Amino acid sequence: NAGVMQNPRHLVRRRGQEARLRCSPMKGHSHVYWYRQLPEEGLKFMVYLQKENIIDESGMPKERFSAEFPKEGPSILRIQQVVRGDSAAYFCASSPRGVSYNSPLHFGNGTRLTVT
Amino acid sequence: AQKITQTQPGMFVQEKEAVTLDCTYDTSDPSYGLFWYKQPSSGEMIFLIYQGSYDQQNATEGRYSLNFQKARKSANLVISASQLGDSAMYFCAMSLNSGYSTLTFGKGTMLLVSP
Numbered sequence: 001n002a003g004v005m006q007n008p009r010h011l012v013r014r015r016g017q018e019a020r021l022r023c024s025p026m027k028g029h030s031h032v033y034w035y036r037q038l039p040e041e042g043l044k045f046m047v048y049l050q051k052e053n054i055i056d057e058s059g060m061p062k063e064r065f066s067a068e069f070p071k072e073g074p075s076i077l078r079i080q081q082v083v084r085g086d087s088a089a090y091f092c093a094s095s096p097r098g099v100s101y102n103s104p105l106h107f108g109n110g111t112r113l114t115v116t
Numbered sequence: 001a002q003k004i005t006q007t008q009p010g011m012f013v014q015e016k017e018a019v020t021l022d023c024t025y026d027t028s029d030p031s032y033g034l035f036w037y038k039q040p041s042s043g044e045m046i047f048l049i050y051q052g053s054y055d056q057q058n059a060t061e062g063r064y065s066l067n068f069q070k071a072r073k074s075a076n077l078v079i080s081a082s083q084l085g086d087s088a089m090y091f092c093a094m095s096l097n098s099g100y101s102t103l104t105f106g107k108g109t110m111l112l113v114s115p
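Here the protein sequences come in this chain order: A and B.
Its first residue numbered 1, the first sequence is counted upward by one per residue in our numbering.
Its first residue numbered 1, the second sequence is counted upward by one per residue in our numbering.
Same shape as in the complex, but just chain A:
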């Protein structure tokens, strides 16, 4: 059973360009989470999605950031007009029924975004 797949592994964008990060959850998982990790920091929650629905986007900046998890295909985290402060590792995680009792999140290997 393949794990959570994220691509690309590394992404370089110039200031002002758009970044698209993709995440395919584990088979059978319909809950997807996106986290951001800045250097020397822990993971910060951004957004929680279930198929076609945004459940919680309280951690996502109001502007330039958006996320979707369509009925078919991977979840996409989209950052428009990137700035240097967006440089970070972005992790996707999935679970079969959301984070709750005895239900850990399974993480992908992350996408390292560098804005030049």
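Hints listed in this document are in silico derivations from the structure and should not be mistaken for laboratory results.
Hints are not guaranteed to be accurate.
Here are the simulated PhoX-like pairs of lysine-lysine, each with C-alpha atoms no more than 20 Å apart in a straight line [said to hold, decoys possible]: (1) A:Lys-51 x A:Lys-71; (2) B:Lys-107 x B:Lys-73; (3) B:Lys-70 x B:Lys-3; (4) A:Lys-44 x B:Lys-107; (5) A:Lys-44 x B:Lys-3; (6) A:Lys-27 x A:Lys-51.
To list a few chain A residues with every Cβ distance to chain B over 10 Å, as calculated [what the hints assert, rightly or not]: (7) Ser-24; (8) Met-26; (9) Pro-61; (10) Phe-65; (11) Ile-76; (12) Pro-96.
Bear in mind the structure is a predicted one, so any value in this text is a computation, not a measurement.
Note that the Cβ used here is the ideal one computed from N, Cα and C, for glycine as well.
Given chain A, put chain B in place with the hints provided.
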């Protein structure tokens, strides 16, 4: 809102010795879960161990055990017989068991195991 605190930025241990990584948490919710993840230098996040707030016994998974002290709100990770491959960042995390919940992470502890 829940909060996780890891007060040790870095820890050193010699191979084959045991080491304890500290984690304290804060929540007013009676039902929650505590998780530990390992992040080696390659960057992936690896789930290690879980403890539920109502579990009577401390969780164990191989060389990992969780020293859960509910009254003190602490969930320390104990790694026995350290190996060189244990060198990594370790993150404590928490979720609530009510409604839709997410994982809240601490800032992590860097563990270095020396020969």
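Going down the list of hints, with the structure as the test:
{"no.": "1", "hint": "A:Lys-51 x A:Lys-71", "result": "holds, 6 Å"}
{"no.": "2", "hint": "B:Lys-107 x B:Lys-73", "result": "holds, 17 Å"}
{"no.": "3", "hint": "B:Lys-70 x B:Lys-3", "result": "holds, 15 Å"}
{"no.": "4", "hint": "A:Lys-44 x B:Lys-107", "result": "holds, 10 Å"}
{"no.": "5", "hint": "A:Lys-44 x B:Lys-3", "result": "holds, 12 Å"}
{"no.": "6", "hint": "A:Lys-27 x A:Lys-51", "result": "holds, 13 Å"}
{"no.": "7", "hint": "Ser-24", "result": "holds, 15 Å"}
{"no.": "8", "hint": "Met-26", "result": "holds, 12 Å"}
{"no.": "9", "hint": "Pro-61", "result": "holds, 16 Å"}
{"no.": "10", "hint": "Phe-65", "result": "holds, 16 Å"}
{"no.": "11", "hint": "Ile-76", "result": "holds, 19 Å"}
{"no.": "12", "hint": "Pro-96", "result": "holds, 14 Å"}
Going down the numbered hints, you'll see the structure goes against none, and every one checks out.
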